[in-house]
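K.L.:
For reference, the chains in residue letters:
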Amino acid sequence: MTQANSKPHAVVIGGGATGCGVARDLTLRGFIVTLVEFGDLGSGTSSRFHGMLQSGARYAVSDTDYGAECMRERLIVADLAPEVVEQTGGLFVSLPDDPPEFADKFLEGCQNARIPVQEMDPDQVMAEEPAISRNVLRAFSVPDATVQSWRLVNLLADDVRRMGGTILTRHQVTAIDTSGGNVRSVHVVGEGGEQTIEADIVVNAAGPWSARVAELVGESADLELGKGSIIVFSHRIVSRAVNRCRPPTSHDIIVPTGTVSLFGTTSEVVDNPDTTHVRPEEIQELLDNAETLIPKARSYRAFRAWAGVRPLFRPKDWPSDKPLPRRHSIVNHGDNGIAGFFTICGGSLTTHRSMAEDLGNHICKSLGMEAPCITATTPLSGRVDQSDWQPEGNYRQIEKSRQYLAPVCECESVNQADVLDQIENRDINHLHDLRRRLRIGFGPCQGTFCGSRVAALIARHHPEYSSNDDLGKFWTERLKGSTRTAWGQQARQALLSDVVYRETLGVRLTQNILPTDDRR
Amino acid sequence: MKTDAIIIGSELDGLVAATRLCERGYSVRLFSTGAGSLHYSSDGIHVLGFSQATNEEYVSKPIEAISQLNQDHPYQKIGKDQAIDALSWYVNMIGDVHQHVLLNDCNKMVISPAGLNIPIYGTSKHQATIEQLDRENVTIVVFRGHRDFPAELIAVELGKKDTPSRVIQVDAPSEFLENAALAKSFDAMEDLDAYFATIGEAIPPETNVVLFPAVMGFSRHQEVLVTAERVLGMPCLEVPTLPPSIPGMRLEHAFVSHLKNNGISVHLGASISRSSFDENESIVIWDSMDRQYEASALVISSGGVLMGGLNVDSQGVIHETSLGLDTYQSEPLNAISVDRSLHALHTAGVETDNALRPKRNGSGTIQNVFVTGRTLAHWNPAAESSSEGVCVATGWAAAENAHQYLEEHNNG
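Chains as they are written, first to last, in our numbering: chain A, 57 to 576; chain B, 928 to 1339.
If we strip away everything but chain B, and leave its shape as in the complex, we get:
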């Protein structure tokens, strides 16, 4: 069963690559061992919040700051123009299949569950930004017994900014108090008006913005929040929780549905047991049930060390797990210097050329394999606050490069 492309991993970058290739009319299969790192990703698009690992200054204009990054950084490899194209394509596409995301002209600050500021470039409608809370009177709603929303930290930090706020506890809409159980109960709720009317009774009258944990439904969160705003008569915004992140899971779910609706085979829970390919020839992989799949091009969006796409051995050497691709690391990873946090572990990964093509065993560049996202070397999502931006940009670039290869290959 040969397809044009195979994508390994259901990371944001893999989902983007699959969607883009599908849009271009190619047949695609996507394999994923399980949940991707979107389950840890909060809402919106973090493009670039900080330009260096040790820099404490926020970046204001992330697109312009790309040129200040190290030459090996994935953004530099694909180039600023391609990054802009990727982001514009992404917000259009995601607006159709999931929810509207606004690319602002500069970074805004979203509020984290610890009450701290995180720079963000693309924001969704109900995502709480500092700007929206400035000079407002804020009530933070906690579902009684829900542990993964440390609301008191938000109140303390808002207090330091002279934004009056308080935490109120309300009865949870579900018996179980995990993020996903709460979200499901909003999906199933019949009388949203009555529920929010009850909450309204507990909200002090001086309030003019309400913050909820980002668990306000999986599939109908926009309807839930719009209803809350109508009943309460004020903006109702979401603040992320501790993982698993419901906004990230909503996005993953929207992507997977969209891909399936467009005829892409999505193999969830499948792992790759072995592979075989010669330089520039078609690629064959086997899953753990020993089923064989063939493709002309391969995109590896396996999520790096975090999701098992890379592995560190007990001697501190990093390995790529699906094809044994060549990797880069700045130092042995069992001796990471703690004063730079996990920088060496983050920046270790697969080394590629500017077209995101890797090598294996030091031989020539492989023409039909493309590596994306956290599996790439030379970037640090935690220090840069850039995870969704790099994943979207490299996923899109990989699809465009694969398209170019497939076009030449099919014609030749």
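Here chain A stands alone, though its shape is the one from the complex:
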């Protein structure tokens, strides 16, 4: 303890679902928490996945315990933050290519994991989902859902702030002081300069970047980084998340989210956690496989492709031929002489809360503290809405308030009041950060029209705002994903966007604006 009788200080490194979940857990147990994130909240793996709130059915056969954990946590998340969850439901369909014996194992696995599962009439399923293959042999309905991951992460962070914690985004950890076998403090650098944060506990929740953080104290983290690429189709091609009924593997799922559908994912082991480039061959691989599940996949408008890096942790002495566990792992580096330093890795956004609970228990035990976990039963303080998230929800609000012209982003129906709230009350002043919080620029036009409208709202409050830099960065980042799918109507859309940004708005693409093309 830094001072007798005072609350313990914890620094959490990483602002994804894991880090924000840990920050909330420790805050509720009485810690004074500072969370340090080097980008924006949820800008890494937490936003670069297919957006599912898992029922656990996907793991019911391969890892029944993990499947059961997903199901429990999925209900808790939907209960704590219904406005970020859409109860889409999920389907598992057996196609002629899928191993026929798996369907029975799947049913049994779901039952063992207490995942409500129901076998459906394949004809009824094909009638309800006209876009999917006409060769469905068996079909199962499970309570999968989708989650607005950025909004979830921000709700967790807002809760921490309200309870007195500190959230530092765009801050990089440069050093961690240890002495006498204990962590002492963490040095960070941000826009406001350098600062040193005293810490009794330091949590490494940096996801795919965990190994780099562990190196700061001379430790290692044995990670396997799996890059997964996803292709985004315009419109909701399916009404539920549709999975192939086979052992979990690559490109076997399509998920409706917001106004779009995500098909994924490829799977490739990479060395660098920043590898988010999607190669043209991966696009063709995704399209080829999508055609089995969604026969007309190539004729739909695909407007973006992107990739995320999923960190799986290799526990000590894990057999090299066995797939790495999906469940999270915790390392107490006190065992190696650095007391107070913990690494948490693996798991998923669905289980972020139970992961944090597990870690909080370890931390309290190491400090000899009695502080039970209350995250599952304590409501999130930042809740704005009691109803489930619905894609048309924003339109309902606009209609109710009779502000018919309020949407600044028609594609995602984002209204002006929400943008102004972020700018005026939450000090958000970059288009990218607004995009993650409000979904501006996510829809079919990929920010063509809303970018400058939203920029004008920022400029109203920030006279130093640089429209060329911010619009340029916003647009080229949007472009980075859509150049991978620039065929058919999407090629036209990309050029229209170019006409608006460069010919009409006059944005010049200088070297500091253009994203590097990380083609390797």
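Honestly, I wouldn't trust all of these hints.
Claimed, not checked - Simulated pairs of lysine to any residue, SDA-like, Cα-Cα distance not exceeding 25 Å: (1) 529(A) / 430(A); (2) 529(A) / 984(B); (3) 1088(B) / 516(A); (4) 352(A) / 314(A); (5) 1111(B) / 1121(B); (6) 1087(B) / 519(A); (7) 63(A) / 254(A); (8) 529(A) / 1086(B); (9) 1035(B) / 525(A); (10) 529(A) / 1023(B); (11) 1052(B) / 1108(B); (12) 421(A) / 371(A); (13) 63(A) / 430(A); (14) 1087(B) / 248(A); (15) 1187(B) / 1023(B); (16) 1088(B) / 485(A).
It is worth saying that the hints were derived from the structure and are not from the lab.
Got chain A sorted already, so can you dock chain B onto it with the hints?
P.N.:
Same frame as chain A, now just chain B:
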């Protein structure tokens, strides 16, 4: 029903070609699937603002800079002299049928809706240039609730240039707040004096230039702005909005009226379903209602990928959509490197000779087909800021080349 020429597309280049051929006394038909890219084009003539895709330096003398462009660039193909002829012809013609456009001796800077500078060579009277705002005190007028004019960005950028400015909100003259609805309401307004007198009350007295969004009427915008200047007692200039662009639509409308008045058949909303031609023979096309049209020469001004004149398939290969003409592309278009933006997509298009004549299936040059504007390969309107200039120059050159062909053909 045979005509001398058929033009495919109501792009600026197609409208120019049709007008020029009509002027030369030829019978012309123009087919267009719908609105052309003039709906995205702001006022004036962008001839050449930047000489290379990555160049951050503005070009000062665009005509002289033509010789620095790549040899394949459409300006280089038609040559500097023809480009000069085309532009002078264009400003004379457009001054008669629409509004006066001034060709300056060097590029000026117009102000964009984001407050940024865009180099421009030909300017119209009420188009806001940086020069006119220098050392002035500027009030930017926004119609309350009109979303497509991000005026605060203009104020922020003017502030950085030490030009004092502010945004004021005034009541819109129409119930609906889209660009076109606002423009229509100015066309219909009975008492312009009273309207601008009311706006005058909201304008701070230190103001000496007023900026309006470019929605100040479709058919009588000059009268509207002149009235505003008289009532407010200071220059009243227009800044472009987000698309659709009213100045571009005014120009398209003026062109189409002019063509119709001169007896040209303009088929709007018509698409070409198939075509047939032998080398150097007359060309036959069918529209979607299976009506047949024949012509001795064809100008393809179909607007490139942007307007559907070119299509990219899911393997990244570009195709010309009306005749299946041979195309050029620097790399597969599904693997565009983002650090050069969409350069490969822009520069892909139909390959032609210096007379803008294409080939098909690798065979010999087709003598009576001419390709113009965004459908041509080897130029990048967004990076060069050259769209109207290239469209006018290639449209005019196509008409002159078609004229030469028709003359020889008819005599022979």
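K.L.:
All hints are to be evaluated individually against the structure, with a verdict given for each.
P.N.:
Comparing the hints with the structure gives:
no., hint, verdict
1, 529(A) / 430(A), "violated (41 Å)"
2, 529(A) / 984(B), "holds (20 Å)"
3, 1088(B) / 516(A), "holds (17 Å)"
4, 352(A) / 314(A), "holds (21 Å)"
5, 1111(B) / 1121(B), "holds (18 Å)"
6, 1087(B) / 519(A), "holds (9 Å)"
7, 63(A) / 254(A), "holds (12 Å)"
8, 529(A) / 1086(B), "holds (22 Å)"
9, 1035(B) / 525(A), "holds (23 Å)"
10, 529(A) / 1023(B), "violated (43 Å)"
11, 1052(B) / 1108(B), "holds (23 Å)"
12, 421(A) / 371(A), "holds (21 Å)"
13, 63(A) / 430(A), "holds (17 Å)"
14, 1087(B) / 248(A), "holds (23 Å)"
15, 1187(B) / 1023(B), "holds (15 Å)"
16, 1088(B) / 485(A), "holds (22 Å)"
When held up to the earlier numbered hints, the structure conflicts with 1 and 10 and fits the remainder.
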